[in-house]
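Q: All chains should be built: construct the whole structure from the sequences, respecting the hints.
The listed protein sequences correspond, in order, to chains L and V.
Quick note: the first sequence uses numbering that gives the first Met the number 0, first residue 0, plus one each step.
Quick note: the second sequence uses numbering that gives the first Met the number 0, first residue 0, plus one each step.
Just to be clear, a hint being listed does not mean it is correct.
[Claimed, not checked] To give a feel for the contact side, a few chain V residues facing chain L, derived at Cβ under 7 angstroms:
| # | residue |
| --- | --- |
| 1 | F196 |
| 2 | V197 |
| 3 | Y201 |
| 4 | W271 |
| 5 | E303 |
| 6 | E304 |
| 7 | L306 |
| 8 | N310 |
| 9 | L314 |
Source of the hints: derived by calculation from the structure; they are not laboratory data.
This structure is a prediction, so every number in the text was calculated from the model and none was measured.
Glycine included, C-beta positions come from ideal geometry on N, C-alpha and C.
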Amino acid sequence: MKITLVLSQPPGYSETFFRSKIKGLKANGHQVVLVTAATNKSFDLCAHIQHPKVYKNPIRQLLSMLLVFVGLLAYWTKVNRYINLERKEGTSFKRLIEKIYINASLLKLNADWIHFGFATMALDRETVPKAIGAKLAVSFRGYDIEVFPLKNRDCYQSLWTHVDKVHSISNYLLEKAFDLGLSKSVDSEVIYPAVDFDFIKKIQLSNDILGVKLKLLTIARLHWIKGIDDLIETAQHLKSKQIDFEWKVIGEGDQKHTERHAYHIYKAGLQEQVLLLGKLSHAKTLKELSTTELYVQTSLSEGFCNAVLEAQALGKLCLAYDAGALSENIQNNITGFLSPKGQPHLLAQKIIEVEQLSNQQKEQISQKAIQRVHDHFSLEQQAKSFSEFYTT
Amino acid sequence: MENSRESKNQKSKSPIVLGQKVKESQVLSGVDINQRQSIQNSRLQTPDSKTKLKIIIFDGSFKTTPFINRLMMGLIIQGQKVSVIGFNEINSNPIPMVKYQSLGSNQSKLKFIKTSLGLAVRWGLPKSFFQAMLFLVQGNRKALQKQNLDLVLKNLQPDVVHVQWPTLLPWLEPYFENSNFKIILSQRGYQTNVRPFVNQDYFNYLRQWFPKLSGFHSVSKAISIEGDLIYNSISKVDQVVYTGLDLTRFKFNIEVPKNSVLKIISVGRPHWKKGYDLAIKSMTQLKEQKIDFHYTIIGGQGDEEVLFLINDLGLENHISLTYKMPQEEVFEKVYHADVMLLPSIEEGIANVAVEAMALGCPVISTNCGGMEELITHNKEGWIVPIRDSEALTMQIIKFMNLDAEQIKNITIKARQKVEQQHNEEKMIKDMMNLYATVLKY
Numbered sequence: 000m001k002i003t004l005v006l007s008q009p010p011g012y013s014e015t016f017f018r019s020k021i022k023g024l025k026a027n028g029h030q031v032v033l034v035t036a037a038t039n040k041s042f043d044l045c046a047h048i049q050h051p052k053v054y055k056n057p058i059r060q061l062l063s064m065l066l067v068f069v070g071l072l073a074y075w076t077k078v079n080r081y082i083n084l085e086r087k088e089g090t091s092f093k094r095l096i097e098k099i100y101i102n103a104s105l106l107k108l109n110a111d112w113i114h115f116g117f118a119t120m121a122l123d124r125e126t127v128p129k130a131i132g133a134k135l136a137v138s139f140r141g142y143d144i145e146v147f148p149l150k151n152r153d154c155y156q157s158l159w160t161h162v163d164k165v166h167s168i169s170n171y172l173l174e175k176a177f178d179l180g181l182s183k184s185v186d187s188e189v190i191y192p193a194v195d196f197d198f199i200k201k202i203q204l205s206n207d208i209l210g211v212k213l214k215l216l217t218i219a220r221l222h223w224i225k226g227i228d229d230l231i232e233t234a235q236h237l238k239s240k241q242i243d244f245e246w247k248v249i250g251e252g253d254q255k256h257t258e259r260h261a262y263h264i265y266k267a268g269l270q271e272q273v274l275l276l277g278k279l280s281h282a283k284t285l286k287e288l289s290t291t292e293l294y295v296q297t298s299l300s301e302g303f304c305n306a307v308l309e310a311q312a313l314g315k316l317c318l319a320y321d322a323g324a325l326s327e328n329i330q331n332n333i334t335g336f337l338s339p340k341g342q343p344h345l346l347a348q349k350i351i352e353v354e355q356l357s358n359q360q361k362e363q364i365s366q367k368a369i370q371r372v373h374d375h376f377s378l379e380q381q382a383k384s385f386s387e388f389y390t391t
Numbered sequence: 000m001e002n003s004r005e006s007k008n009q010k011s012k013s014p015i016v017l018g019q020k021v022k023e024s025q026v027l028s029g030v031d032i033n034q035r036q037s038i039q040n041s042r043l044q045t046p047d048s049k050t051k052l053k054i055i056i057f058d059g060s061f062k063t064t065p066f067i068n069r070l071m072m073g074l075i076i077q078g079q080k081v082s083v084i085g086f087n088e089i090n091s092n093p094i095p096m097v098k099y100q101s102l103g104s105n106q107s108k109l110k111f112i113k114t115s116l117g118l119a120v121r122w123g124l125p126k127s128f129f130q131a132m133l134f135l136v137q138g139n140r141k142a143l144q145k146q147n148l149d150l151v152l153k154n155l156q157p158d159v160v161h162v163q164w165p166t167l168l169p170w171l172e173p174y175f176e177n178s179n180f181k182i183i184l185s186q187r188g189y190q191t192n193v194r195p196f197v198n199q200d201y202f203n204y205l206r207q208w209f210p211k212l213s214g215f216h217s218v219s220k221a222i223s224i225e226g227d228l229i230y231n232s233i234s235k236v237d238q239v240v241y242t243g244l245d246l247t248r249f250k251f252n253i254e255v256p257k258n259s260v261l262k263i264i265s266v267g268r269p270h271w272k273k274g275y276d277l278a279i280k281s282m283t284q285l286k287e288q289k290i291d292f293h294y295t296i297i298g299g300q301g302d303e304e305v306l307f308l309i310n311d312l313g314l315e316n317h318i319s320l321t322y323k324m325p326q327e328e329v330f331e332k333v334y335h336a337d338v339m340l341l342p343s344i345e346e347g348i349a350n351v352a353v354e355a356m357a358l359g360c361p362v363i364s365t366n367c368g369g370m371e372e373l374i375t376h377n378k379e380g381w382i383v384p385i386r387d388s389e390a391l392t393m394q395i396i397k398f399m400n401l402d403a404e405q406i407k408n409i410t411i412k413a414r415q416k417v418e419q420q421h422n423e424e425k426m427i428k429d430m431m432n433l434y435a436t437v438l439k440y
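A: Here you go:
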């Protein structure tokens with residue numbers, strides 16, 4: 000199979016989801032091409048093609064369009080098919096010209112599948128796969144389904160019409176997509192994220208969680224959807240109950256969110272307890288994770304959440320808000336614990352309860368978490384599922 | 000150019016400053032605000048009616064705040080000469096008699112070149128002209144803007160340069176020691192009461208340059224105290240000048256609205272410091288208690304967090320969002336609302352609350368920033384603690400249980416408070432006193 004994967008940027012070295020997917024597809028004999036926006040970044044795992052650049056300068060843009068359109072002459076049959084499809088969609092002449100330009104790289108391809116890595120990546124490109132004789136697959140991520148349509152009503156109507164197969168990282172997101180108008184008759188499959196156990200084994204992890212203070216860790220971008228304000232409020236409740244703790248948060252944010260949370264911490268007088276560590280490498284993150292006692296996720300929604308999965312893979316006791324797909328990630332009271340979302344005082348109470356469990360109970364939960372991740376979330380399983388995704 | 004107000008969402012480049020505790024030894028210079036103010040009051044100068052000043056308002060842009068617009072109009076009426084300098088060219092809403100002087104636009108290269116060469120030819124030939132040409136060839140926009148600023152300051156010959164935002168201070172560093180004009184800074188919000196306390200580099204910068212300023216204007220006592228945490232001294236001139244309204248434009252609603260559904264309103268752009276997430280949580284609690292209400296956030300439309308929370312909490316039928324709308328329409332909506340909520344986490348002093356009180360709309364506010372200088376709990380409105388959605392809900396329920404007479408009693412007192420503390424004449428008089436004081440010392 001010739002599979003074209005469309006992403007915004009080439010996946011970075013630490014972005015294991017797409018990297019492992021590409022590796023797995025190649026290992027199973029598929030040909031993979033990555034298409035991204037114009038970028039200086041290179042990609043090492045497969046062929047990498049870029050969309051034409053959109054220039055602010057009208058003269059440069061006009062020249063670029065001229066070159067791109069000349070380059071498309073050899074692909075006239077596909078372009079003509081695309082024009083006809085877009086006309087049926089009611090696209091205006093001006094918009095059609097723009098769309099031919101932005102989709103020029105895709106229109107030149109020979110592919111069996113065009114797979115958009117995010118639903119938003121497919122916008123304005125919905126009819127391209129049909130025009131080049133390929134099938135359209137799309138993956139769902141949290142933002143695509145949870146947030147973007149709130150601002151852009153009916154944004155996926157065209158996508159729902161043209162999609163051939165859907166990949167979702169959780170049942171939760173798939174159900175949400177049905178609510179947004181995706182037909183249940185469209186072929187769909189849930190393929191969960193996976194954990195790279197080989198990578199974990201390579202890192203010198205310490206299990207030294209001993210110490211006077213209760214060690215808590217959260218891995219999350221500093222962004223409102225990650226519920227960092229709730230995290231800080233939970234910390235306030237813990238402090239008011241005289242719990243001696245240290246809560247590290249790994250992840251960076253834009254200036255606005257960084258100042259928002261730093262100010263909340265400052266006003267709450269929690270500078271000694273809640274530590275914003277910024278972005279760390281995957282290896283350093285895992286090291287921090289290995290020395291924590293409890294892993295906590297306060298997100299208001301999650302498509303799935305790799306960090307919670309990795310924490311369970313390391314046998315950490317996980318507590319999370321019962322939000323989004325987190326109930327598919329953690330089996331409540333079996334591999335970890337869920338707490339009602341948006342209720343910091345209940346989360347604080349849960350943290351104290353879990354901390355007070357006997358070592359035997361803690362060990363039991365920890366082992367079950369490790370076992371479940373091994374059994375259901377391995378890279379091998381993920382690679383097999385993706386290979387079958389295009390062939391069944 | 001540095002953004003004069005809050006920076007847009009950009010990746011935080013410097014290491015994250017983790018809500019760091021500003022060391023006590025750094026901030027306490029042993030000067031109490033009351034002590035300083037009593038000394039200051041004794042030195043306060045009242046300008047005589049013949050005093051004619053040249054005042055430059057340095058906002059960074061021509062789009063000055065409503066506060067400054069009203070101030071400028073008042074100063075013009077008094078015969079003062081007022082100029083606004085900024086890094087743009089077009090002004091869609093100029094105040095009559097105010098001179099707007101561009102320092103070179105950031106938006107259009109062509110206009111930037113035209114303005115820069117125009118200034119050099121008009122005021123700086125020949126040296127400045129050749130210097131300008133050199134900077135243009137080098138593509139050194141900042142150096143050219145600095146030259147433009149220098150030409151403008153030399154030629155406008157101001158008595159006072161009134162800087163609106165601390166982030167503009169780097170432009171004025173070469174002039175702090177000058178003897179020709181005084182530099183004063185307004186302390187009005189985020190750049191004074193939030194950012195210095197979460198960004199050590201920014202705090203240190205302000206701490207280095209604040210002592211060199213001739214004076215400060217604070218929009219509330221609360222923000223004056225925050226400013227003192229950065230720099231304080233017995234000789235510091237810091238005048239609280241409250242926002243002032245032309246109250247003839249605010250028709251007071253003597254009747255308490257009788258809406259069948261409780262109409263709650265908030266006004267303001269969606270920013271985390273406005274606390275809309277807490278207000279929305281509070282609405283969930285009202286819904287759970289089966290209270291019939293409708294909450295409108297004017298200016299809240301399009302914000303992802305607000306939209307997500309409304310959807311996630313199933314409040315689509317209870318909350319409406321609108322885009323920013325013209326002031327007259329906002330006043331109309333506020334006039335007919337049952338109650339205004341100000342759920343903010345931080346404010347200098349909220350103009351929207353002052354305006355609502357002038358219109359006769361009762362206000363429930365958090366105790367953020369200077370809000371308790373405007374509202375005494377149970378007297379001119381109601382005050383609840385910040386970040387406490389339950390307290391907000393409780394207060395809304397208590398409000399609903401008041402009869403019309405009790406509400407009217409509060410709104411009348413609120414209007415009186417605004418008339419006494421937030422009238423335009425007082426604002427202009429207090430600001431002129433500040434200008435006169437810095438010119439004297």
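Q: Hint by hint, say whether it matches the structure.
A: Status of the hints after comparison with the structure:
A distance limit of 7 angstroms between C-beta atoms decides the matter here; for F196 (chain V) the minimum to chain L is near 5 angstroms, and the interface restraint holds. For V197 (chain V), the shortest C-beta to C-beta distance to chain L is roughly 4 angstroms, which falls under 7 angstroms, so the interface hint holds. The closest approach between the C-beta of Y201 (chain V) and any C-beta of chain L is roughly 10 angstroms, which is over the 7 angstroms cut-off, so the hint fails. For W271 (chain V), the shortest C-beta to C-beta distance to chain L is roughly 4 angstroms, which falls under 7 angstroms, so the interface hint holds.
The closest approach between the C-beta of E303 (chain V) and any C-beta of chain L is roughly 5 angstroms, which is under the 7 angstroms cut-off, so the hint is satisfied. A least Cβ separation of about 4 angstroms between E304 (chain V) and chain L falls short of the 7 angstroms threshold, and the interface hint therefore holds. The restraint placing L306 (chain V) at the interface with chain L holds, with a minimum CB-CB distance near 4 angstroms, inside the 7 angstroms limit. The interface hint given for N310 (chain V) is met, as the beta carbon of that residue sits about 6 angstroms from the closest beta carbon of chain L, less than 7 angstroms.
A hinted interface residue such as L314 (chain V) counts as satisfied when its beta carbon comes closer than 7 angstroms to some beta carbon of chain L; here the least separation is about 13 angstroms, so the hint is violated.
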